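Visitor: Each chain is listed here by its residues.
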Amino acid sequence: KQEVTQIPAALSVPEGENLVLNCSFTDSAIYNLQWFRQDPGKGLTSLLLIQSSQREQTSGRLNASLDKSSGRSTLYIAASQPGDSATYLCAGRSGAAGNKLTFGGGTRVLVKP
Amino acid sequence: EPEVTQTPSHQVTQMGQEVILRCVPISNHLYFYWYRQILGQKVEFLVSFYNNEISEKSEIFDDQFSVERPDGSNFTLKIRSTKLEDSAMYFCASRIPGRQETQYFGPGTRLLVL
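Protein chains in written order, with the numbering used here: chain A, 255 to 367; chain B, -7 to 106.
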C-alpha cells in the first residue's frame, strides 16, 4: 500500500529565498508523481507531473525531481514571492486498475514580504 | 483552457438525507475520479470510473455511496444517507487514457452535514 509523506508540514521563508519541498513515498513502482497547489478553501491546481521514467521536470520557476530508488521527490521554487504562499501537495499514482492518486499531507508555505 | 466543473460549490444537508454531487469532466477525458478532503486531513481517494463501471474503490466507498454517468457529460456522486462524518470537500477529477497523464481536478463541493 502506497504511503506518501511530506515534511515539514509548514515552512516560512522571506521573499526571494528558494523553496525546497520534500515528498517521500513507500512504493517505488509508481507511474508518476504529481505536485499540486491548494489555496485555503479552494481546489487543487496541478503544477507539475513527473513521469516514472524522468528524473526532472521544469515549468517556469518550478522544478521537480524524482528519485524512485530512494522514494523521494523534491519541488524547488526559485525566487519565492508572496503569491507563492499556499499549501503544496504531492501525490503518487499507483499501478492499480483505476490508477488512483495517493496524497501526502501537504506543506503549508508562507512567503513573507 | 478546458476545466473540470462541479456543482454545487457548497451544500448543507441534514443527517440522513441524500445528496448528489455533480461534476462535468473535461470533454475528451475517459477516466473519472472522486476524492474527498476532511478539514485538516489528507486528500483521500474514493472511487475511479471508466467505461461506465467502477474500476477501483476505497474502503470509504461503502454501500452508502454510488457513482453514475447519466449522460455523456455529467459524473455524479450520490450519498444515500449522509452522516456527520461525511462533511468534507469533495473533488472530482478526470484524465485522458495513458499511464502518464495528469489528473485534472475540479474546484470541489464543500458538504456540511448537520
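Simulated from the structure, these hints should not be mistaken for lab results. Bear in mind that the values here come from a model prediction, so they are computed numbers and not experimental data. We put the CB at the ideal spot given by N, CA and C, even for glycine. Just to be clear, a hint being listed does not mean it is correct.
Calculated lysine-lysine pairs in the DSS-like style (CA-CA distance at most 30 Å, straight line) [stated by the list, open to error]:
no.	chain 1	residue 1	chain 2	residue 2
1	B	K75	B	K34
2	B	K49	A	K366
3	B	K75	B	K49
4	B	K34	B	K70
5	B	K49	B	K34
6	A	K366	A	K322
7	A	K296	A	K255
8	B	K75	A	K322
9	B	K70	A	K296
10	B	K70	A	K366
11	B	K34	A	K296
12	B	K49	A	K322
13	A	K366	B	K34
14	A	K296	B	K49
15	B	K70	B	K49
16	B	K49	A	K255
17	B	K70	A	K322
18	A	K366	A	K255
19	A	K366	B	K75
Sample of chain A residues with no beta-carbon within 10 Å of chain B, all distances over it, derived [as the list claims (entries may be wrong)]:
no.	residue
20	I261
21	K322
22	G325
Visitor: Against which earlier hints does the structure fall short, listed by number upward?
Guide: Those not satisfied are hints 2, 6, 8, 10, 17, 18 and 19.
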